[in-house]
Structure formats: C-alpha cells, structure tokens
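The lines below spell out each chain.
2 protein chains.
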Amino acid sequence: MKRYEQLADDIARSIREGLLARGERLPSVRQASAARKVSPSTVFQAYYLLEARGLISARERSGYFVTGGVLGLPPLPEPSINDDAEVTEVDVSELVFEVLESTRARKVVPLGSAFPSPLLFPMARLAKTMAASVQAMNPWRSVEDISPGDAELRRQIALRYMIDGVQVPPDEIVITNGALEGLNLCLQAVTQPGDTVLIGSPTFYAALQSIERNGLKAMDVPCHPREGIDLAAMERALTQHKPSACWLMTNFQNPLGSLMPDEKKKDMVALLTRHNVPLIEDDVYGELYFGDKRPKPAKAFDTKGIVMHCASFSKCLAPGYRVGWTAPGRYAKTVERLKLTTTLSTSVPAQIALASYLKKGGYDRHLRSLRHTLLLQQIKFVDAVERHFPEGTRLTSPSGGYFLWVKLPDGVNSLELHRAALKHGISIAPGPIFSSHKKYTDYVRLNYGHIWDDQIESAIETLGKITHKLAAQKAA
Amino acid sequence: MKRYEQLADDIARSIREGLLARGERLPSVRQASAARKVSPSTVFQAYYLLEARGLISARERSGYFVTGGVLGLPPLPEPSINDDAEVTEVDVSELVFEVLESTRARKVVPLGSAFPSPLLFPMARLAKTMAASVQAMNPWRSVEDISPGDAELRRQIALRYMIDGVQVPPDEIVITNGALEGLNLCLQAVTQPGDTVLIGSPTFYAALQSIERNGLKAMDVPCHPREGIDLAAMERALTQHKPSACWLMTNFQNPLGSLMPDEKKKDMVALLTRHNVPLIEDDVYGELYFGDKRPKPAKAFDTKGIVMHCASFSKCLAPGYRVGWTAPGRYAKTVERLKLTTTLSTSVPAQIALASYLKKGGYDRHLRSLRHTLLLQQIKFVDAVERHFPEGTRLTSPSGGYFLWVKLPDGVNSLELHRAALKHGISIAPGPIFSSHKKYTDYVRLNYGHIWDDQIESAIETLGKITHKLAAQKAA
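First to last, the protein sequences are chains A and B. When we follow this note's numbering, the leftmost residue of the first sequence carries the number 1, and every step to the right adds one. When we follow this note's numbering, the leftmost residue of the second sequence carries the number 1, and every step to the right adds one.
Isolated chain A (complex conformation) (with noise of 0.2 Å):
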C-alpha cells in the first residue's frame, strides 16, 4: 500500500468511526503534512482519493469537509430487556403489511421500499448471459440442480467466502430462493414452536413476521446505530431466557445502517458459542460497503459451526432472480433437507445465469460502481433532509447499504407521517413496524436506493413539510 493510500485509509477510517464528523473540515494540507510527516502531495493525493470515494468534498478557498461519515446519531434505544415482559408474542405483521401493500403502487415514490432501484443493476448483461446458459443447458440440470444447488454456482460461491476470508466449502452451501427463506429455513432448523429468538432493536420486520409465523417469541436487545446490538445487554438476556436462536444483521443492519466492529463480530460469536445459541446471520448487504473492503461476516469467527450465514443477490446484482443461498454449519443437513421439502429447489435457469456470470468476471466491477452510486446518492438525501426537517431531527449515515434511520423531532408519530405522506403520493417506512413492540413510533426508515432526481428531491421536501406540521401541532 502507498503512503497516500495509507493516510486515506486513516482518515476514512477516522469517518467511519464517527471521530470525523460529517461538516467537519479536515486539516489543511500544511498540518496534515506537518503532522503526519509527509510531502504535501502525499496529503493532496489522500484528499483526491478520500473525494473520489464520496468521503470528503472540497469548497472553494475553505479547504475540505468531510461529506460522508457520521452526524447526529439518533440516540441508542432504551435498554429493555431486563423483565421477562420483553420476551414477547410478536404481533406485527399486520401492520406490516398494510404498510407494505399501501406502497406498492408504482407511482409513489418508493422511500419507503425495502428494494433499490433496479435500474442500478446490469440487468441487460444478466439477462445475456442467462439467454445463453439457458439455450445451452443441458436437460438433466433440471434434476441435478435440486437442493442443495447447482454444484458450479456453489463453488462461487465459496470462492467468493474465500476471497473474503472466510473458509466455506462448497457442501456447506444450501441454494435458496433469496435470502429470506434460507433465514427461514434456519430459523425452522434450530426452533421449535414457543422457543424464544433473541433479535436486535429495532429489527428488520421480515424476522419479526418470520418469528411471528413460526409460533415464536421475540426478545429484543438494543442496537447501537453504529456498531449494532448491545453485548453487554445480550449476554444478560442469554443468561436469563436461553433462547433458541439469535437473528441478526451485522453489517449495514436493516433499519439502522450500523456496521458492527470486526472485534464486537468476534466477541459476539464467542459469547453465543459459550451459551451453545445458534447465531442466523442476515447478511444481505455486506457487498455494499463504502468502505475499503468487505466487511467480513460473523461466520469468519465461527469454529464451532454455530453461525448460519444467510446472504443473497436480490440487493446487490439480480433482483428479482431470487436467489440467495445459506452456508448454515453444523445445521447444514438439516437446512438442505427443509429446502427439499418446502420448495424442492430454486430455479434452475437463475441459478446457471448466476454461476456463468460469476464464472465470467465482471461482478466487482458492478460492484464498485453500485457502492458508489449509493454513497453519492446517500450524500443528497441526507443533505435533503438536513436542509427540509425540522430542528430536532437526527440521522444516521451509515457507511453502507441503502437505509437512513431517522429520528424525527420527539413526539412525531410517523404512523401519522406515513398515512399523511402516502396522501401525497410517497411512501416512507414507520418506525414501530421495526419492532416487537411497535416502539419507534417517532422513527422512519428512509430508503436513498432509489435514483436522485426532482421528485425525490421534492419528495423529501414535502415530507419535511409534514413533519414541520405534525412538530407544530404537538407543541400547540
């Protein structure tokens, strides 16, 4: 590594970590070059690079300002795990769904979708590519590729873990329809009906459905924004309610955007393994890092076989293919058989357009573009928010994924925000469907996966507007 790419990595990480604000100006190249005892071109060319990354921007004769990072943290949940009335009947999906269903028309704009625009993919290369796998499939494939899936796009797959830094051999690897029935697959492998699963706070809303469905209970520990679930909380509940399972998102968690620290990953999975609890890892958005490299997985730390891996390229290159695999453990037999009895296989065809196009090369180059449109995207919207919310109000800028989690000013219900919005045509998500308790009530979860133009950008000013309003009338 360069000297110039070493003092970027620094200070980027110095970002990530929150020590450099977003608005913060960063020392003039004289200090830093006084400071770090370098050339000034080697400070100018980490500037350039840090720019280049979307971290930094520079404004005329003020020197430069850090642009992505991290400004205003909405504050950490309450800890609440600590009667047994948190271990809870969870009781959500309804409201889920209505707020789900009331925002799938197409003319509304989609901040509240769960899914980016599709237009960030390479659909056109993907469909050329399936084009010619399937015209050249060999009919038998049909049988063969049944669960646990097709052998070539497994080993990808595992090449892929290995890259990372992860060993997963090929056999552990359970082809699944997306990533939410691999979850679903490994949560019915480790529980049974009445068990309890630990989940952070808030959560993605398809574990509480899933948790829901399956006749569970939830217990919510709480989630830093920046670097997830509490551990400390966490070993308290393990202790005192010995869940079956624990689900979670490590990296760039859904709502939240929090990246848990590569050592938090690690303790964390030496504390499950202590209390024997299998860990169901989400980590659908680890490939869209605006960092320097992929976050590594809490599966990377697992030597007991505890954690179910669960990933997909619904988010990050095929959506719509639907499929996702699992790499699950130890559990790996059980989870392969629960796919052959609940749906048999994943589709064939997406399966082989997958592994020739991962064979083919050209997915990193994807890539690297996706996570970079995404950081510039993230910049407009927070900069749009800042600009059109009422004082008050706090967001996260997480160095990854495609989620702001903002807080709106205290005793803005964003229930009321919600349906007040879809009236204009746009669609948010409210805070309580994050939750086993419907808490958050005076959050929502914005999505800046979708492409920046006037009516998005008009979007958030009418929603600021709304708020403006809803903050006025509590005050009266």
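Incorrect hints may appear among the rest.
One copy or any two copies: either way a pair holds, since identical chains are not told apart in the list.
Said to hold, decoys possible - Derived DMTMM-like pairs (lysine to aspartate or glutamate); straight-line CA-CA distance at most 25 Å: (1) K439 / E94; (2) K107 / D171; (3) K293 / E391; (4) K264 / D10; (5) K128 / E152; (6) K128 / E144; (7) K423 / D454; (8) K423 / E144; (9) K37 / E416; (10) K439 / E212; (11) K107 / E144; (12) K266 / D164; (13) K333 / D91.
To be clear, the hints were calculated from the coordinates, so they are not data collected in a lab.
Keeping the supplied structure of chain A fixed, place chain B upon it in accordance with the hints.
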C-alpha cells in the same frame, strides 16, 4: 363429434373403467358393426383411433386387444380409521430422505424417481422463449412481479382454468415455487401446530413430510386404487376427528394413479363444505390424462371457496423452472401474505418466460405428444412387469400420470427389494414412504416416465429376479 369418434370414446371409457380389461379381445368388426348398428368402416375408424391412442393394438390374424386399461388391480387398502390410534404423529421423513438420497446419483436407473425424464419436455423452445423474454424485460418487473406474481402469467393460468370449465379469477391466483410451495403455504394458512390433517392412504410422501414438519397429525383414510379416497370412511373421519384440513390428489394420485370420478369429486366437496373443512387439492398430474379431456379438479365443484387448488408446470412443461401456482379460494389473501414472508417472490425470469410461452401457443400440442408418449411407455412398463415379476404381483395401469403402483407377492418386503436393487444400480420407491404408519411394506411405486430402452428393460428384469428370490425366501 363424428360417429366413429363417439364409438371410440365409448370403448375408451369402458377400458378406463375396467369393463374391458387389458389383454381382452375386442369384438370383431363385424360383431361390433351389428351390435352398434354402424357401418363396418365406422368400427374400423374407431379401432384405428383407439390404436393411435395406445389403448388397443392389433395382433396378426387375431383381431384387436386391449393394451391399455386396468388389469389385476392391487387390493383396496384395509379401512383403518375406526379407532383414535389412527390419528398419528408423523415420523416418516427420515426414511423418505434416506430412500430419496440413495437414488439421486445420475447413473442409477430412476424407477424410484418422482420426476419424469426431462427429455420429454420442450426445453429448447422454452429456453428460446426465456432468452427473448428476459432480454426484453423491463427492470421494474423485478419489483412488480413479486407475489402474488406476474399479471400476464396469472391471466394465462386463469384462461386455462376457464377452458377447463373452472371459474378462477386471476386475482385469486398466487404464483409459487412449484406446487410444493403452494401446498405448504395452503397447509400453513389453515392449520396450527397440533392440528389434524385428513389424507388418503397411501399418500404422496411430501404431504407426510409437510405434516411432520409443521407439527401436525395425520389421519389416514383408505383410497381405492382406481377411484380414490373412500367417501364413507372420509365422512366417519370428519365426524369423529374434526380435522383442520384435507390434503388430497384428485387426478392420477401419486402413488396410486387413481382418478376420482367427477360425481365423486362433487360429493366430496359437498361433504367437506358441510364439515367446513378446507380441501388442499394437489393437481399436478391433471394435465397428463390419457382419456379424451382433462379431468376436472374438485375446485370445479366448489361453491364456497373451500378448495385450495395447487398445480404447477414442473410435471408437464418446465421441470426445474420451479413455477407453480395456487388458487386458494377464500384463503387467497392469507396465502399471498404467507408467500411474501416465506420466499417473497417466485423467480421473475421464469415467470415471464412461462407467461410468454403460454401466450404464444404450442402448449397443448406439446401436451398431446407428452400424453401419448407416457401412455406408450406405460404399456411397455406394464408388459415388462407382467413378464418378469412372479405370480401374485398385481399392479395398476392408471389412465394418466407416470406411476405404477405394484403389489408384490405377499410378504415380500419392498425395503429389502429397494436395498437389493440399489446394489444393482436401480432405484425404486418402496411402499412405506407413502404411509404415515409405514405400511405398504409389500408395495413399490415405479416411474414409467423415463424413456424406454434396454437399460430400463434390463432393470425391470433384475427387479423381477430379486422379487422372485425374496418371494422364494419367504416361502421357504
């Protein structure tokens, strides 16, 4: 309908209904002409037509003989539902997996397989259609075609229902990952763990696995090998045990091949309606009829929305694509929501490829050829079993589908046959995997959906020899 077609249909019905058994001679042309008061040429034309359909064949100088139809049916399983013990925890999945996994190697002769040969399907034409449709696909379809599924595909499916005389609006249809997902979702929509499900006996093992996996109990009702479930026994079971659902195949049941007559379907739906028990109707073989027209599903007789009809393209058009559907009557919304939280969506490229294929036409032409091939295959398989298996063997010859249900001589154990056959590289499906009580120890299911060749002929010969040996051991 022309006169000779009418005559051919009458004879075909007599064969299917067992009035004319396989091996019997038909009346001479002169006799038939006199008896039916039609010209000899009308009789000739009718016989030609039946020969083309594979139901009869001419033997030199001896006239026409029945080659299709029914001969030597296995006995009706003994009624066995009169005591509470018959509601059972199901624990057969392990055995099913053990059997299925042992038969997956490509070089094993697949008489135990659940799939027909993929070479029987228009894979090249499908691939071409998929290539064109995926390359013309609007990227937004990846979002819009999530569950309930692609609008054009649902419209095409609704059109086929209409042609078959069943009223199903496109809005009721949910596209699933093969029929298996549809069946599982329907079961989950109407049951809670601990509930009882009424099934036929023998029954398709995937139903048993699904019941087991969902923590349900099974209640067996005996099935007639030609006409399906015993309605009197069903009525007693409904009254005594109050099941939450009934799961059945009405057309060409796996493994029996039984076809429930229309009147019986109507009576069954009325019976279930009176008891307010939803019917999960697995109709994946309905298109594979050898008669004159598609047998109706029970869904056709449903007036109250209690029939949850499940089908797919996997067995009749597009193996490996994993596109099925369900029309779940009054439970449509519940099933759609379950689908959203289970796998979110069926692979979009596969959905639009099939929509495009159906729209273009050609499906019915393919189906006619497929049915004809399967019927010819059945004749060869039945003939080979009759030549090679010992006395005391009995078998079905169903009027659709691609399975034979073979009763071995008394006391011959089909699991022993399975293990011995596997050593010769031959798979079979032993009877016990089709029973919640692991009954049918002297039955096997043979798949005649693989293209007849010397290897298959020799495999049946080997199976016959092993059976002879096992029968001799029992006798000794």
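Report task. Taking the numbered hints from earlier one at a time, note which ones the structure violates and give those numbers from smallest to largest. Result -> When the structure is compared with the hints, numbers 3 and 9 turn out to be violated.
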